[in-house]
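Engineer: Each chain, letter by letter, is given below.
There are 2 protein chains.
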Amino acid sequence: MQIDLVFTHIPITDEKLSDRTVVMVDVLRTSTTICVALANGAKEIIPVDGVPAAMQLLGNLSRDNVLLCGEKEGKLIEGFDLGNSPSDYETEIIKGKSLIFNTTNGSVALTKMKTAKSAIVCSFVNITACAEFIAGKDDHILIVCAGNNRQFNLEDAVCGGMLVNILQKKIGREMEMNDGTEAATIIYHKYKDKCLQMLKHSFHGKYLMSLGLGKDLNFCAKIDSCNFVPVYSEGVVKLDMH
Amino acid sequence: MQIDLVFTHIPITDEKLSDRTVVMVDVLRTSTTICVALANGAKEIIPVDGVPAAMQLLGNLSRDNVLLCGEKEGKLIEGFDLGNSPSDYETEIIKGKSLIFNTTNGSVALTKMKTAKSAIVCSFVNITACAEFIAGKDDHILIVCAGNNRQFNLEDAVCGGMLVNILQKKIGREMEMNDGTEAATIIYHKYKDKCLQMLKHSFHGKYLMSLGLGKDLNFCAKIDSCNFVPVYSEGVVKLDMH
Numbered sequence: 299m300q301i302d303l304v305f306t307h308i309p310i311t312d313e314k315l316s317d318r319t320v321v322m323v324d325v326l327r328t329s330t331t332i333c334v335a336l337a338n339g340a341k342e343i344i345p346v347d348g349v350p351a352a353m354q355l356l357g358n359l360s361r362d363n364v365l366l367c368g369e370k371e372g373k374l375i376e377g378f379d380l381g382n383s384p385s386d387y388e389t390e391i392i393k394g395k396s397l398i399f400n401t402t403n404g405s406v407a408l409t410k411m412k413t414a415k416s417a418i419v420c421s422f423v424n425i426t427a428c429a430e431f432i433a434g435k436d437d438h439i440l441i442v443c444a445g446n447n448r449q450f451n452l453e454d455a456v457c458g459g460m461l462v463n464i465l466q467k468k469i470g471r472e473m474e475m476n477d478g479t480e481a482a483t484i485i486y487h488k489y490k491d492k493c494l495q496m497l498k499h500s501f502h503g504k505y506l507m508s509l510g511l512g513k514d515l516n517f518c519a520k521i522d523s524c525n526f527v528p529v530y531s532e533g534v535v536k537l538d539m540h
Numbered sequence: 299m300q301i302d303l304v305f306t307h308i309p310i311t312d313e314k315l316s317d318r319t320v321v322m323v324d325v326l327r328t329s330t331t332i333c334v335a336l337a338n339g340a341k342e343i344i345p346v347d348g349v350p351a352a353m354q355l356l357g358n359l360s361r362d363n364v365l366l367c368g369e370k371e372g373k374l375i376e377g378f379d380l381g382n383s384p385s386d387y388e389t390e391i392i393k394g395k396s397l398i399f400n401t402t403n404g405s406v407a408l409t410k411m412k413t414a415k416s417a418i419v420c421s422f423v424n425i426t427a428c429a430e431f432i433a434g435k436d437d438h439i440l441i442v443c444a445g446n447n448r449q450f451n452l453e454d455a456v457c458g459g460m461l462v463n464i465l466q467k468k469i470g471r472e473m474e475m476n477d478g479t480e481a482a483t484i485i486y487h488k489y490k491d492k493c494l495q496m497l498k499h500s501f502h503g504k505y506l507m508s509l510g511l512g513k514d515l516n517f518c519a520k521i522d523s524c525n526f527v528p529v530y531s532e533g534v535v536k537l538d539m540h
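Protein chains in written order, with the working numbering: chain A, 299 to 540; chain B, 299 to 540.
Incorrect hints may have been included.
Copies of the same chain look alike in the list, so a pair counts if it works inside one copy or between any two.
Unchecked claim - Here are the simulated DSBU-like pairs of lysine-lysine, each with C-alpha atoms no more than 30 Å apart in a straight line:
no., residue 1, residue 2
1, K504, K468
2, K488, K504
3, K467, K492
4, K393, K520
I should point out that these hints are in silico values taken from the structure, not numbers from a laboratory.
Remember, it's a predicted structure, so these values are computed and weren't measured experimentally.
Throw the hints in and build the complete structure from the sequences for me.
Structural biologist: Put into structure tokens, the structure is as follows:
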């Protein structure tokens with residue numbers, strides 16, 4: 299098994315993905331919020347790469363069953379129904395709905411994975427389920443850390459490294475790694491028992507706390523609170539039914 | 299002191315640099331080769347961001363005192379005088395010459411630093427000199443790892459982390475770090491006594507060995523074999539005369 303990891307979605311281009319199982323990691327907060335939304339009954343998530351794309355898609359859908367969700371600079375976007383806090387995605391609000399999802403990093407990263415052989419959404423909250431999904435593939439895996447504004451971030455690197463670590467224990471044999479995978483596993487070992495502490499220490503974690511969203515970090519640090527894998531296919535993210 | 303680090307030059311834009319001292323790190327091999335060329339008497343290095351830019355510049359200069367240098371995919375470019383192996387830059391070939399320098403990552407990264415308050419070139423071979431240069435500034439420092447083809451690479455991360463480590467010991471007080479700086483120092487501690495081993499293990503190190511350029515790795519691993527700082531200013535790299 300070859301397992302590569304990149305620290306931002308910038309190097310991702312379509313042609314590299316057709317033979318890959320791709321894992322999108324955006325701990326704070328897109329991956330976590332997607333997991334929570336699906337756990338609480340959302341029908342599907344439709345990631346988009348900007349507000350214009352979100353509005354265009356909204357015009358094509360029946361408004362009754364659709365919610366506009368996401369953030370800009372961490373905050374609710376004007377005219378949108380929901381922000382990007384996992385705790386906002388309560389069953390009574392989202393059950394059965396299609397969620398158009400526009401975020402700065404994670405949703406953009408997902409839209410770049412349309413041509414992947416298979417693409418899944420990973421965070422701390424569903425990391426063991428993701429490792430099990432991947433372990434079933436004899437494949438070329440690419441972990442895409444969404445990063446923050448085209449740059450490396452700590453939390454996605456630690457999550458990517460943890461995923462590789464769990465996977466390595468599961469498959470019990472050597473994996474070929476690129477430099478990014480190697481680095482992520484080193485960074486993970488520094489923080490492995492200190493997930494929440496690491497989130498509070500990270501640049502984006504501090505920024506969210508400055509916005510009064512510190513509670514989101516607790517949510518995002520709950521390792522394995524979900525036991526399923528969101529799969530991105532044909533432009534929408536749904537629960538894996540396999 | 300605020301010390302930020304990015305793992306590729308992709309997020310670098312001019313407007314971020316005017317109040318920064320910027321350090322360009324491209325261990326394999328641009329930073330190392332620039333150090334060796336200046337140590338061996340080259341008059342100056344003129345980094346460019348592609349073969350067309352190199353040819354245009356050549357047309358404006360007297361061919362007698364100019365050499366075309368650099369690589370594409372690690373190899374000598376057709377029609378160029380020298381490749382990117384440090385050992386090619388011998389005194390009898392380069393003394394007093396201006397070197398037009400075109401490489402995949404490092405020279406491109408340098409051309410993005412034109413507006414920086416101050417920009418220097420760092421590799422393992424001159425890392426303590428670079429730390430001393432920076433320690434003299436009460437400044438906002440940005441370390442730019444050139445990376446490899448828009449992606450993270452191990453050797454530049456380890457070098458960046460080592461630079462931060464030396465600097466921290468020199469200035470003896472807390473530094474503010476971004477997530478990239480923090481990660482680089484963690485990665486550095488994994489490899490600190492195994493510089494050559496790390497280069498041989500890295501993706502690009504393996505690639506250079508596959509081209510028969512393994513000797514370059516020995517050159518690039520010689521910590522502090524130079525005791526000066528190449529400074530990039532007004533479009534050219536020269537020795538720091540301060």
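Engineer: Please go over all the hints and tell whether each is borne out by the structure.
Structural biologist: Results for each hint:
1. K504 with K468: This pair counts as between: shortest inter-copy Cα distance 28 Å, intra-copy 34 Å.
2. K488 with K504: Classified as both: same-chain Cα gap 19 Å, cross-chain 27 Å, threshold 30 Å.
3. K467 with K492: Both: 20 Å inside a chain and 26 Å across chains, each within 30 Å.
4. K393 with K520: within (22 Å within a copy, 61 Å between copies)
Of the numbered hints listed earlier, not one is contradicted by the structure.
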